Amino acid sequence: MRRQTNILLTVGLILTMVVLSTGILAQNQMEEFKKEQDTLKESVGTLRDKVSGVEERIATAEGDLAKLTKIKLSGYIQSQFLHYEASNAYPSNVFMLRRVRIKFQYEPLNGVVFVLQPDFVPGNFTLKDAYVQLNDRWLKTFSLWAGKFNRPNYEVEYSSSSREVPERSRVIRAIYPDERATGAKLEIAPPGIPFKVQLALFNGNDGLTINDAAGNNINPLNNDFDNHKDVMGRVTYTFKLGQIGALGIGAHGYYGKIKSNALDVLNSDYTYNKTTDNIGQLIRKNWVGFEAQLYFDFLGGLALKGEYIFGVNGTPGYTAKTSVVSPMTSAIRNDTLTLTTLTTNTTTSRPAIERNFCGYYIYLIKNIGKHHQVAARYDYYDPNTKLASDQIGVAKWDAGIKNATTDKFTYAGTDPVVATDAQTKTVVNNNLKSGTGDIKYQTITLAYSYFFDDNIKIMVGYEIPMNKKVGVNDLGVGNVTAAYAVNGVPGVYDYSNAIKQNTLTVRLQVKF
Amino acid sequence: MKKLKTKSGMAAMLMIALLSFAFMPAPKKITVKGSDTMVILAQKWAEVYMKSHQETVIQVTGGGSGTGISALINGATDICNSSRPMKQSEMDKLKDRYASLGIEIPCAKDGVTIFLNEANPVKELTIKQLSNIFSGKTRNWKEVGGPDQDIKLYGRENSSGTYVFFKDNVVKADYAASCQTLPGTAAVVNAVSKDKYGIGYGGAAYAAGVKHCAVKKDDKSPAFVANAETIKKGQYPITRFLYMYLCNRPTGELKAYIDWILSAEGQKLVTEIGYFPVK
Numbered sequence: 195m196r197r198q199t200n201i202l203l204t205v206g207l208i209l210t211m212v213v214l215s216t217g218i219l220a221q222n223q224m225e226e227f228k229k230e231q232d233t234l235k236e237s238v239g240t241l242r243d244k245v246s247g248v249e250e251r252i253a254t255a256e257g258d259l260a261k262l263t264k265i266k267l268s269g270y271i272q273s274q275f276l277h278y279e280a281s282n283a284y285p286s287n288v289f290m291l292r293r294v295r296i297k298f299q300y301e302p303l304n305g306v307v308f309v310l311q312p313d314f315v316p317g318n319f320t321l322k323d324a325y326v327q328l329n330d331r332w333l334k335t336f337s338l339w340a341g342k343f344n345r346p347n348y349e350v351e352y353s354s355s356s357r358e359v360p361e362r363s364r365v366i367r368a369i370y371p372d373e374r375a376t377g378a379k380l381e382i383a384p385p386g387i388p389f390k391v392q393l394a395l396f397n398g399n400d401g402l403t404i405n406d407a408a409g410n411n412i413n414p415l416n417n418d419f420d421n422h423k424d425v426m427g428r429v430t431y432t433f434k435l436g437q438i439g440a441l442g443i444g445a446h447g448y449y450g451k452i453k454s455n456a457l458d459v460l461n462s463d464y465t466y467n468k469t470t471d472n473i474g475q476l477i478r479k480n481w482v483g484f485e486a487q488l489y490f491d492f493l494g495g496l497a498l499k500g501e502y503i504f505g506v507n508g509t510p511g512y513t514a515k516t517s518v519v520s521p522m523t524s525a526i527r528n529d530t531l532t533l534t535t536l537t538t539n540t541t542t543s544r545p546a547i548e549r550n551f552c553g554y555y556i557y558l559i560k561n562i563g564k565h566h567q568v569a570a571r572y573d574y575y576d577p578n579t580k581l582a583s584d585q586i587g588v589a590k591w592d593a594g595i596k597n598a599t600t601d602k603f604t605y606a607g608t609d610p611v612v613a614t615d616a617q618t619k620t621v622v623n624n625n626l627k628s629g630t631g632d633i634k635y636q637t638i639t640l641a642y643s644y645f646f647d648d649n650i651k652i653m654v655g656y657e658i659p660m661n662k663k664v665g666v667n668d669l670g671v672g673n674v675t676a677a678y679a680v681n682g683v684p685g686v687y688d689y690s691n692a693i694k695q696n697t698l699t700v701r702l703q704v705k706f
Numbered sequence: 004m005k006k007l008k009t010k011s012g013m014a015a016m017l018m019i020a021l022l023s024f025a026f027m028p029a030p031k032k033i034t035v036k037g038s039d040t041m042v043i044l045a046q047k048w049a050e051v052y053m054k055s056h057q058e059t060v061i062q063v064t065g066g067g068s069g070t071g072i073s074a075l076i077n078g079a080t081d082i083c084n085s086s087r088p089m090k091q092s093e094m095d096k097l098k099d100r101y102a103s104l105g106i107e108i109p110c111a112k113d114g115v116t117i118f119l120n121e122a123n124p125v126k127e128l129t130i131k132q133l134s135n136i137f138s139g140k141t142r143n144w145k146e147v148g149g150p151d152q153d154i155k156l157y158g159r160e161n162s163s164g165t166y167v168f169f170k171d172n173v174v175k176a177d178y179a180a181s182c183q184t185l186p187g188t189a190a191v192v193n194a195v196s197k198d199k200y201g202i203g204y205g206g207a208a209y210a211a212g213v214k215h216c217a218v219k220k221d222d223k224s225p226a227f228v229a230n231a232e233t234i235k236k237g238q239y240p241i242t243r244f245l246y247m248y249l250c251n252r253p254t255g256e257l258k259a260y261i262d263w264i265l266s267a268e269g270q271k272l273v274t275e276i277g278y279f280p281v282k
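In the order they appear, the protein sequences are chains X and H.
With this note's numbering applied, the first sequence corresponds to residues 195 to 706, in that order.
With this note's numbering applied, the second sequence corresponds to residues 4 to 282, in that order.
One chain only, chain X, in its complex shape (with noise of 0.2 Å):
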């Protein structure tokens, strides 16, 4: 009995012990569990606060980059090899960087775009686009151009870098030189309508080269240099062919005038015009144009395009007066001490003049799958429609020269009486003979382009002008009678008969 009170005893106390030491330990793991969710609650609080961190700052990195989905960088590298034909080409052939391009365009806000393409050509860095483009965000139809930007015509807005030839048509070139011009433009085109109106003020002598008596451009910055703004318009409509292809059709008009610079302003047929002691006169640059684009359908894209212009071109004169005295010389004449001047008065004027012209391209393009374009392109500019070829370096103004010389004879009141017999003599130059500036030409080009991507582009070309024979081998006409020579090829072209001046262009291009 004692024994079995032990035992109980026994096994009484160790199950105090087994549920004390239980507890204790459920105590300690408790207080181990606790500080462990601590640690735990603040592992989570500190991530917690991390995460916040990271998406605040993902928040300010996608503002960040919502801003610079708001510029568009693009740009193009057009690099050539040309081979000149010509019989006076020296070198013959060159590798030439033609463009270097980066476009930059930035909307800050929807509807208002700013653009700037400088060209990084080397030796002639030129910024050509810059300007600002403001779009109606109600109708979606009225833009607002203000700035440097293409002229409104077709193969000017048509980029180099998508023409299917090397360069523009030679009329193109002539009366839109650099393409550019300086000025503002509105441009109506309705959504889902395919029509659009372009109507343009521009300062009017942008690209333009006007030399002074001395040949020095005048023109370099293309700062305007009279009041007159010169009108530009263009209209177009597109006709859709059904799944077969379009048509497109527009017009375009140029009413523009500039300072005359000269003191005389010829007709196209070298003829007197007027005469004005004013050479702040404005001589006239009107033309129209018609253009169209047919696209068609057949077994790939096929396109013919075309344009016909026509009207008057002014080209400015200069005007300079030159004032040179003579040294004094001194003579005793009847006990009167005489001293006598030259004083001669030069002007050199060259008339402005106002040639009629004419001008027109065609283009027939085919695409052959995706990657290989043929065009073919024929393309006529006559500058001088009043002038048949025969006449070109026979049809000339020349005022003559003319020669006034007026004595006066004066006393000083001195004694010994001193008297000065001062002359003058005015000498006028005043002469434009026709020449290369009237020459026509029909030219053809040929050429293939492979489109390895749509970043790389090879085109092959080549250009073939063809001159009318002009009606004297003389100077200024561009003849070989000057004979000078240099690098062994002879410094200029005899326009009396027709010249090779074929080129062949292999050019890389790189769009991004």
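The set of hints was computed from the structure by calculation and includes no laboratory data.
Do not rely on the hints blindly, as some may be mistaken.
Restraint ranges, calculated between C-beta atoms of paired labels, are given here [as the list claims (entries may be wrong)]:
| no. | chain 1 | residue 1 | chain 2 | residue 2 | range |
| --- | --- | --- | --- | --- | --- |
| 1 | X | Asp584 | H | Lys258 | 46 to 52 Å |
| 2 | X | Thr403 | H | Gln183 | 52 to 58 Å |
| 3 | H | Lys282 | X | Leu241 | 33 to 39 Å |
| 4 | X | Gly563 | H | Arg142 | 22 to 28 Å |
| 5 | H | Ala79 | X | Glu230 | 53 to 59 Å |
Here are the simulated SDA-like pairs of lysine to any residue, each with C-alpha atoms no more than 25 Å apart in a straight line [said to hold, decoys possible]:
| no. | chain 1 | residue 1 | chain 2 | residue 2 |
| --- | --- | --- | --- | --- |
| 6 | H | Lys140 | X | Asn416 |
| 7 | X | Lys261 | H | Asn135 |
| 8 | H | Lys96 | X | Leu441 |
Listed below are several chain X residues computed to face chain H (Cβ distance under 7 Å; list not exhaustive) [unchecked claim]:
| no. | residue |
| --- | --- |
| 9 | Ser356 |
| 10 | Ala440 |
| 11 | Tyr489 |
| 12 | Asp491 |
| 13 | Ala497 |
Quantities reported herein were computed from a predicted structural model and do not represent experimental measurements.
Backbone N, C-alpha and C define an ideal beta-carbon position, used for all residues, glycine too.
Position chain H relative to chain X; hints supplied.
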């Protein structure tokens, strides 16, 4: 000698095998790229067509209508799917590159649906209200008859045709900066289904798990939910065509595939997916 014969025989067999491999007709591959809205439909068309035309391989990818049109211009795809018409500027690029204005083929109709969370008490909105909501002028649900809670906007990326279509036809202004852009209508639906105060837009075919909001042309007009009947009758105010674009008129296998899409069989799949046939 025997060995030589065996070797010659093996070489001849190898040659024949190689030649037969070389002259085996190559599988006709058609690439389709563009609208995310249309990607399920395009995949379905491709899947069904390939079952009956095993020699044809059709590869379908999304990326958005803008991406698809760029791919068409780049020559990276045969067919571009687009949930919006091609812009004049894009058509000009196509014209410059291929001397062609491209071929536009409307292949289905869609109603751009407004998605609301099922717990949202708002049932209908006018076009004007939607414009104000997505342009950020209206920021609280109570302004349009809902609870006093901020509106959470979900939309598409700017490469999406739905983004452009909705912006041009409904918002008519810039989207609010707070509008969260998501890659695909499915992502928009998913986000709205999880956000009680969210609102999003997208193609009708993706609307599972959310509520369709009825849309009114203006205050005086009746409200309509996008469905086959309201879209067919022109009652639902935000309807559009879904297009396929090609560079040139299709020929060969491409023509056969497009003809099949426009056939009764192809158009039946349009309805199955949740869009509406063109005919």
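Evaluation of the provided hints:
At roughly 59 Å, the beta-carbon separation of aspartate 584(X) and lysine 258(H) lies outside the given 46 to 52 Å, and the hint is violated. The hinted window of 52 to 58 Å between threonine 403(X) and glutamine 183(H) holds, with their beta carbons roughly 57 Å apart. Distance hint check: the CB atoms of lysine 282(H) and leucine 241(X) are about 57 Å apart, inconsistent with the given range 33 to 39 Å. Evaluation of the 22 to 28 Å hint for glycine 563(X) and arginine 142(H) yields a failure: the beta carbon distance comes to about 53 Å.
A hinted range of 53 to 59 Å holds for the C-beta pair alanine 79(H) and glutamate 230(X), which are about 57 Å apart. A threshold of 25 Å between alpha carbons decides the hint, and for lysine 140(H) with asparagine 416(X) the separation of about 47 Å lies outside it, so the pair is violated. Between lysine 261(X) and asparagine 135(H) the CA atoms are separated by roughly 23 Å; this keeps the pair inside 25 Å, and the hint holds. Pair hint lysine 96(H) plus leucine 441(X) holds up; C-alpha atoms about 16 Å apart against a cutoff of 25 Å.
For serine 356(X), the interface hint holds, since its Cβ comes within 7 Å of a Cβ in chain H; the closest pair sits about 4 Å apart. The interface hint given for alanine 440(X) holds, since its Cβ lies 5 Å from the closest Cβ of chain H, which is under the 7 Å cut-off. Because the closest C-beta pair between tyrosine 489(X) and chain H is about 6 Å apart, less than 7 Å, the hint holds. With its C-beta approaching chain H no nearer than about 5 Å, aspartate 491(X) sits inside the 7 Å limit, and its interface hint holds.
For alanine 497(X), the interface hint holds, the least distance from its beta-carbon to any beta-carbon of chain H being 4 Å, beneath 7 Å.
Consistency with the previously given hints fails for numbers 1, 3, 4, 6, ordered from lowest to highest.
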